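Chains V and S, in that order, are what the protein sequence lines are. Just so we're aligned, residue 120 is where the first sequence starts under this note's numbering, counting upward by one. Just so we're aligned, residue 2 is where the second sequence starts under this note's numbering, counting upward by one.
Everything labelled a hint here was simulated from the structure, so no lab data went into it. Since we're looking at a predicted model, the values are computed, not measured. There may be inaccurate statements among the hints.
[To be verified] Once the Cα atoms are required to be at most 16 Å apart in a straight line, the calculated EDC-like pairs of lysine to aspartate or glutamate come out as: (1) V:Lys386 with S:Glu164; (2) V:Lys386 with V:Glu303; (3) V:Lys232 with V:Asp195; (4) V:Lys393 with S:Asp162; (5) V:Lys386 with S:Asp59; (6) V:Lys121 with V:Asp205; (7) S:Lys8 with S:Asp61; (8) V:Lys393 with S:Glu164; (9) V:Lys347 with V:Glu208; (10) V:Lys238 with V:Asp283; (11) S:Lys8 with S:Asp116; (12) S:Lys73 with S:Asp59; (13) S:Lys8 with S:Asp80; (14) S:Lys73 with V:Glu303; (15) S:Lys73 with S:Asp106.
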Amino acid sequence: MKRIACISTITQHPDEGDASTQLMELYNSTRVYNRENDITGVFLVSGSSCLQIMEGNAESLASAIYRMGRDSRLSDFSVVMNCNNDIAEFSGWKIRIISSGANAHLDFIARLKETLADKIQAKNNHDNARLDSFFGKPELSANVQPPTLAAPTDVNSTSKKTYDNCVISVSAWPRPTQIRMTPELIRICSNLTKRPAHFERILALNLCSSTEKLTHYLSALESLGLLKTHSSVGTPNLRVVNNPPKATNAATQTVSSTADRFSRVLKRFIASAKA
Amino acid sequence: MDQIYNKLAIVGEVGAGKTQLINTISEISPFATEARSSVDIGKEYTTVGIDYGRLSLDADIALGLFGLPGQKRFSLLWDMVNTSLWGLVILVKYGDGVNIDAIDDILTHFQPLKDNVPVIVGVSHSENATADELDVLLEFLEHVLQGHGLSAPIMPVDPRDIESSLMLLQMIDAINNTDEYEGAQLNVV
Chain V
120 MKRIACISTI TQHPDEGDAS TQLMELYNST RVYNRENDIT GVFLVSGSSC
170 LQIMEGNAES LASAIYRMGR DSRLSDFSVV MNCNNDIAEF SGWKIRIISS
220 GANAHLDFIA RLKETLADKI QAKNNHDNAR LDSFFGKPEL SANVQPPTLA
270 APTDVNSTSK KTYDNCVISV SAWPRPTQIR MTPELIRICS NLTKRPAHFE
320 RILALNLCSS TEKLTHYLSA LESLGLLKTH SSVGTPNLRV VNNPPKATNA
370 ATQTVSSTAD RFSRVLKRFI ASAKA
Chain S
2 MDQIYNKLAI VGEVGAGKTQ LINTISEISP FATEARSSVD IGKEYTTVGI
52 DYGRLSLDAD IALGLFGLPG QKRFSLLWDM VNTSLWGLVI LVKYGDGVNI
102 DAIDDILTHF QPLKDNVPVI VGVSHSENAT ADELDVLLEF LEHVLQGHGL
152 SAPIMPVDPR DIESSLMLLQ MIDAINNTDE YEGAQLNVV
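Given the sequences, and given the hints that come with them, work out the whole structure.
Below you can see the structure in the form of structure tokens.
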């Protein structure tokens, strides 16, 4: 099996729709072709730079490269890796959009950097600059996930793990293609998305019917690379689970009680509508 | 006791299912502002103003449902609704690519992060999409949300189905009722 990486610049055609539509069409054309030719890998986009890492048999990859070189939507095309490999790194053909200033796919990029970056050879400064837009970001040290899309996770199949004494947060909402959303999981994600809390606090909120179920959901999120654990050093308030502070003034109390009342009757309505 | 009236804005492109969603949830026949399409958009009528529906949850508690066209040229209508929102649902139609610029316009205009309004992206017409196909759309949607500093749930929705439609309300309710006490307020980058 061969592995080839090529970097290119995406050319915008103003008369062919907005940039995202053109990018999606470009990716979709590679997706169809690569599926028909058993090519796996990843289609990385950062700004106008596009890095495609492909695995497959030599003949299929050669055809894909030839096709790409003739695609008017790509310019400054350059092959930056060409090697043989015994083990496939990718299970499908995915697109990953790297945003400057955002943390999306940091784990994924860190993993790629760890396994592949030393095999990637820039041919010139321009290639180097474009590769930097993908690999120049700081990497996360922990919780690195394999660069494949996880199959939908069954919450009952995740291994049992304890989060006692952990401060946890969820880095992003899971995708519907990763895990089935349930009311309990929605409540967990709502409370933890980008907001760390001590496990004991989350437990005290009774988001799930049992501690075991909460732990199962957290394990499932962790297996998807979405659950982060944080140091509780210097944040002693994260351990406080009882006696939440009273609303400081009457206006705040009114807003809070109005929201509570609305939520209560909405929940009752939804439950009766589903019954 | 005071009356409670919350507003849910449902914004989406032509054919995404805004009118249908309101029709499914609302207890009243939606006050619809549909007009016959002048061009072929795959259906005879399309929304040209605000669709309005209402869900009475109790004698003095109601949720107003406001369906709004997704194009920026209708931002005057967005302004009419965009005050003290309980939630913002962006409906995206699966199938013909995704108009990221339009979603970007909606998020720029509504500024849900600044106003602390929960956002949910519902993907309609995705019943026959494979996980791989859906994943491509999700990648683009997450990208545009991140551009606005948002992490929001993205879920397939069938606006014809009451359970699927109510799931949107359930999600917004959950986001609105998160633990706001001191420990949970530390933001992480």
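When you check the alpha-carbon spacing of Lys386 (chain V) and Asp59 (chain S), does it fall within 16 Å?
-> At roughly 12 Å apart (the allowed maximum being 16 Å), Asp59 (chain S) and Lys386 (chain V) satisfy the hint.
Holds or violated: are the alpha carbons of Lys121 (chain V) and Asp205 (chain V) at most 16 Å from each other?
-> Satisfied, since the Cα-Cα distance of roughly 8 Å is no more than 16 Å.
Does Lys73 (chain S) pair with Glu303 (chain V) here, judged by a C-alpha cut-off of 16 Å?
-> Violated, because 36 Å separates the two Cα atoms, which is more than 16 Å.
Agreement of Lys386 (chain V) and Glu303 (chain V) with the hint, judged by alpha carbon distance not exceeding 16 Å = holds (13 Å)
If you draw a straight line from the CA of Lys8 (chain S) to the CA of Asp80 (chain S), is it 16 Å or shorter?
-> holds (13 Å)
Hey, Lys238 (chain V) versus Asp283 (chain V), does the alpha-carbon distance stay inside 16 Å?
-> violated (41 Å)
Starting from Lys8 (chain S), check that the Cα of Asp61 (chain S) is at most 16 Å away, please.
-> Given that 16 Å is the threshold and the Cα spacing comes to 14 Å, the pair holds.
Restraint check for Lys393 (chain V) with Asp162 (chain S), where alpha carbons must lie at most 16 Å apart | Measuring from Cα to Cα gives roughly 11 Å; hence the hint holds.
Lys386 (chain V) paired with Glu164 (chain S) [C-alpha distance capped at 16 Å] = holds (13 Å)
Does Lys347 (chain V) pair with Glu208 (chain V) here, judged by a C-alpha cut-off of 16 Å?
-> violated (24 Å)
Could you grab the alpha-carbon distance between Lys73 (chain S) and Asp59 (chain S) and see if it respects the 16 Å cut-off?
-> The given pair, whose Cα atoms are some 35 Å apart, is violated under the 16 Å limit.
Is the straight-line distance between the alpha-carbon of Lys393 (chain V) and that of Glu164 (chain S) 16 Å or less?
-> holds (6 Å)
The structure fails hints 3, 9, 10, 12, 14 (numbered hints given earlier, in ascending order).
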